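S.K.: Assemble the complex: chain A is given as a structure, and chain B must be docked to it using the hints.
Spelled out from the first residue to the last, the chains are:
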Amino acid sequence: MIFSVEFIYIIMGIIGLCCSLYTFADKANPRRLLSGLFYFIYSITLLFGSVIPPFYIGLMVILMVLIVGMGGLRKGQYGESSDQQRETQRKRLGSWLFLPALLIPILTVAGAKGFEGVKIGSLFIFDPKNTTLVALGVACLIAIITAMMLTKNTPQTAIKESRRLLEAIGWAVVLPQLLATLGTIFTQAGVGTVVSDVVTQFIPENSLFMIVFVFCIGMALFTMIMGNAFAAFPVMAAGIAVPFLITQFDANPNHIAAISMFAGYCGTLMTPMAANFNIVPAALLDLKDKNHVIRVQIPTALIVLAFNIILMYLLVKLEV
Amino acid sequence: MVLIGVALIIIGFAIRLNPLVVVTVSGLVTGLIAGLPIVDIITQFGEAFTTNRYMSILLVTLPVIGLLERSGLQNQAGHLVSKIKAATAGRIITIYLLCREVGAALGLLSIGGHPQTVRPLLAPMAEGAAKAKYGEVPEEDREEIRAHAAAADNIGLFFGEDIFVAVGAILLMKGFFDQNGIEADPISMALWGIPTAIFALIVHSIRLYLFDKKLDRKLGSKAKKDVIG
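Protein sequences appear in the order of chains A and B.
Quick note on my numbering: the first sequence kicks off at 1 and runs consecutively.
Quick note on my numbering: the second sequence kicks off at 1001 and runs consecutively.
Certain hints may be false.
Taking lysine-lysine and the DSSO-like style, the derived pairs with C-alpha atoms no more than 30 Å apart in a straight line are [as the list claims (entries may be wrong)]:
hint	chain 1	residue 1	chain 2	residue 2
1	A	Lys-27	A	Lys-75
2	B	Lys-1174	B	Lys-1214
3	A	Lys-288	B	Lys-1218
4	A	Lys-290	A	Lys-75
5	B	Lys-1083	B	Lys-1174
6	B	Lys-1083	B	Lys-1214
7	B	Lys-1214	A	Lys-91
8	A	Lys-152	A	Lys-75
9	B	Lys-1131	A	Lys-91
10	B	Lys-1213	A	Lys-119
11	B	Lys-1083	A	Lys-152
12	A	Lys-91	B	Lys-1213
13	B	Lys-1085	A	Lys-91
14	B	Lys-1085	B	Lys-1213
15	B	Lys-1131	A	Lys-290
16	B	Lys-1133	B	Lys-1174
17	B	Lys-1214	B	Lys-1131
18	B	Lys-1174	A	Lys-288
19	B	Lys-1133	B	Lys-1213
20	B	Lys-1133	B	Lys-1214
21	A	Lys-290	B	Lys-1213
22	A	Lys-317	A	Lys-75
23	B	Lys-1085	B	Lys-1174
24	B	Lys-1131	B	Lys-1083
25	A	Lys-27	A	Lys-290
26	B	Lys-1174	A	Lys-113
27	A	Lys-119	A	Lys-129
28	A	Lys-290	B	Lys-1174
29	B	Lys-1133	A	Lys-288
30	A	Lys-290	B	Lys-1133
31	B	Lys-1131	A	Lys-288
32	A	Lys-317	B	Lys-1174
33	A	Lys-129	B	Lys-1174
34	A	Lys-129	A	Lys-113
35	B	Lys-1218	B	Lys-1131
36	A	Lys-317	A	Lys-27
37	A	Lys-152	A	Lys-27
38	B	Lys-1218	B	Lys-1133
39	B	Lys-1218	B	Lys-1085
40	B	Lys-1214	A	Lys-290
Read the hints as simulated data drawn from the structure, not as lab findings.
Only a predicted model underlies this, so the values are computations on that prediction, with no experimental measurement involved.
Just chain A, same shape as in the assembly:
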C-alpha cells in the first residue's frame, strides 16, 4: 500500500522527536534534560515500535513512567505570539483561519469513504485495515501545509507550536496507550472472570428487575475499571445476559446488546481510565482539575444509565 498506518506513526514520531529537541534546549525548563528524554523516548517508541523487540519497548515505557514519577517532566517557555500579533494576523486572515482546521474532518471523511479499498495498480492507496486512521493522518499533513502557507510560517514554527501543545498535555499523552496495556494484563490475569463472578453472586435468580439492574450496573462498573466497554461486554454478557436474561427470561439479544453497550458507555463517561476521552481533553483544554470533564459528565451518565435499566426491564417484561 502507498500510505500505511506505519507511515502515520512515523510522522507522529518525527513530530515528537523534533519537539523533544526543542525541549532539550529549553533553558526555562528546570528539568529540561529529563523532560526532553521523556518526549525523546516516546518518539522512539512511535518511530520504531514495530522494529524494536517488545521487551525493550516495555523497558522504555517503564523508564518514561519513572521520569514522570520522579517529577522530571516539567514545562518550559514557548515564545508564544503576543495578543497584538495574534490580532493583526486574525484581521488579515479573518475566517480563512478556519480553512485548515475544517480541512481535517472534511478530508478525513472524504478520504476514508472515497479511497477505501481503491488501488493504483496493485497497491492500495490507504492501508485497508486502518483506512480512517490513515485518512486522518494524510488529511492532517495537507492541513499542516495549508496552514503554513496561509499563516506564512515555517516548519520550525509549526514544530515550536506543536511543542507548546504537547507539553501542555504532558504525561497525559501516553496514558491512553498505557491503559490499553493494563487492559491486556488484566485480561491475561483473569480479572474479568473474577469481577463477573463477584457480580453474579448478587443476582437473585427470579427477580427480572434485579437481574437487569445488576447487569447494567455491572456493565458500567466493569467499564469504569477497564476503561473500555468493549472489554466489559463479553464478560458480563457471558456471565449474566446469556444465562439469565436470554435463556431464562427469553429476552431479545438485539435489545440486550444495544442497551448494554450504552450502559457501558455511561461507565466510560465516569472513569479516568478512559483517558483518551476524559483526561487528555482536560489537559488539552488547560483545566486545572484533570477530572473536570468527568465531573461534568457524571449527572448525564447516571440519568441515562437509569433510563437504560428501565428500558431494558420493560422490553424484556413486555416481551416486545
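M.R.: Chain B alone, transformed into the frame defined by chain A:
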C-alpha cells in the same frame, strides 16, 4: 487475589498519585500475582504499547492547531460568535452535541474530536459567546464552559456511534452472539439503540440549558450593569 490490581488503581486515583505511576504499578503487581514472569510482563507492556500507538494520533493534529492558534484562530472563533445575538455558551454546545451525535450515527466518526474540533473551535466559540453576553468571564466559569465543550463531544460520539451498523461495538456484539450460538441482527441492534440515543440527547441538552441559566444568574447582573453604566 487479582483484584488487588483493581484496588491499587482505585486507591491510586483516589489519593491522586500520578496516573501513569498508578497504572504501571498496578499492571506489574497484577501480572506478578497472576504468576507471569517479570520478563513476560514487560514484554506485554511493550507489545500492547506498540499495538495501541493509534491512540496517540492527536500528535499529527498538533502542528495545524498550533499554527492556527498562533495566528488567532481562537480569537476569530470567539469574534464570529460574538456577533450572533442569540448565541450563548449552552446553545452553541447543544448545537454541536446534536451535530456530533447525528454525524456519528451516520458513521461520520471523525468529524469531531478534542484536539481537532473542541480545542480550536468549539471551546473558543462557547467562551466567546459567554464573553459577548456577560463581559469578562471569571476563569472558573471559563473552565466549566470548556469542560462542557469536551463532555458534549464525548456524549454525542458515544450515544451516536452505536446507531451506525458498521461500528466496532456492534460487530463485536454480533461476533459474541455468533460464538454462543445465539441469533442476532446488527441492524436491529443499531435500531434498538435509538431510544437511548434520543434520551441522552434530550437530557444533556436540558443540562446545557440549565447551565446557561446558571451562568445568567451568576454573571447576568454584571452584564446589565455594564449596559446601564
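S.K.: Hint by hint, note whether the structure agrees.
M.R.: Evaluated hints:
| no. | hint | in the structure |
| --- | --- | --- |
| 1 | A:Lys-27 / A:Lys-75 | 11 Å, holds |
| 2 | B:Lys-1174 / B:Lys-1214 | 44 Å, violated |
| 3 | A:Lys-288 / B:Lys-1218 | 21 Å, holds |
| 4 | A:Lys-290 / A:Lys-75 | 17 Å, holds |
| 5 | B:Lys-1083 / B:Lys-1174 | 49 Å, violated |
| 6 | B:Lys-1083 / B:Lys-1214 | 22 Å, holds |
| 7 | B:Lys-1214 / A:Lys-91 | 33 Å, violated |
| 8 | A:Lys-152 / A:Lys-75 | 27 Å, holds |
| 9 | B:Lys-1131 / A:Lys-91 | 19 Å, holds |
| 10 | B:Lys-1213 / A:Lys-119 | 54 Å, violated |
| 11 | B:Lys-1083 / A:Lys-152 | 28 Å, holds |
| 12 | A:Lys-91 / B:Lys-1213 | 33 Å, violated |
| 13 | B:Lys-1085 / A:Lys-91 | 21 Å, holds |
| 14 | B:Lys-1085 / B:Lys-1213 | 16 Å, holds |
| 15 | B:Lys-1131 / A:Lys-290 | 24 Å, holds |
| 16 | B:Lys-1133 / B:Lys-1174 | 49 Å, violated |
| 17 | B:Lys-1214 / B:Lys-1131 | 15 Å, holds |
| 18 | B:Lys-1174 / A:Lys-288 | 41 Å, violated |
| 19 | B:Lys-1133 / B:Lys-1213 | 12 Å, holds |
| 20 | B:Lys-1133 / B:Lys-1214 | 13 Å, holds |
| 21 | A:Lys-290 / B:Lys-1213 | 25 Å, holds |
| 22 | A:Lys-317 / A:Lys-75 | 57 Å, violated |
| 23 | B:Lys-1085 / B:Lys-1174 | 48 Å, violated |
| 24 | B:Lys-1131 / B:Lys-1083 | 11 Å, holds |
| 25 | A:Lys-27 / A:Lys-290 | 27 Å, holds |
| 26 | B:Lys-1174 / A:Lys-113 | 23 Å, holds |
| 27 | A:Lys-119 / A:Lys-129 | 14 Å, holds |
| 28 | A:Lys-290 / B:Lys-1174 | 36 Å, violated |
| 29 | B:Lys-1133 / A:Lys-288 | 25 Å, holds |
| 30 | A:Lys-290 / B:Lys-1133 | 28 Å, holds |
| 31 | B:Lys-1131 / A:Lys-288 | 20 Å, holds |
| 32 | A:Lys-317 / B:Lys-1174 | 23 Å, holds |
| 33 | A:Lys-129 / B:Lys-1174 | 19 Å, holds |
| 34 | A:Lys-129 / A:Lys-113 | 13 Å, holds |
| 35 | B:Lys-1218 / B:Lys-1131 | 13 Å, holds |
| 36 | A:Lys-317 / A:Lys-27 | 67 Å, violated |
| 37 | A:Lys-152 / A:Lys-27 | 27 Å, holds |
| 38 | B:Lys-1218 / B:Lys-1133 | 12 Å, holds |
| 39 | B:Lys-1218 / B:Lys-1085 | 19 Å, holds |
| 40 | B:Lys-1214 / A:Lys-290 | 23 Å, holds |
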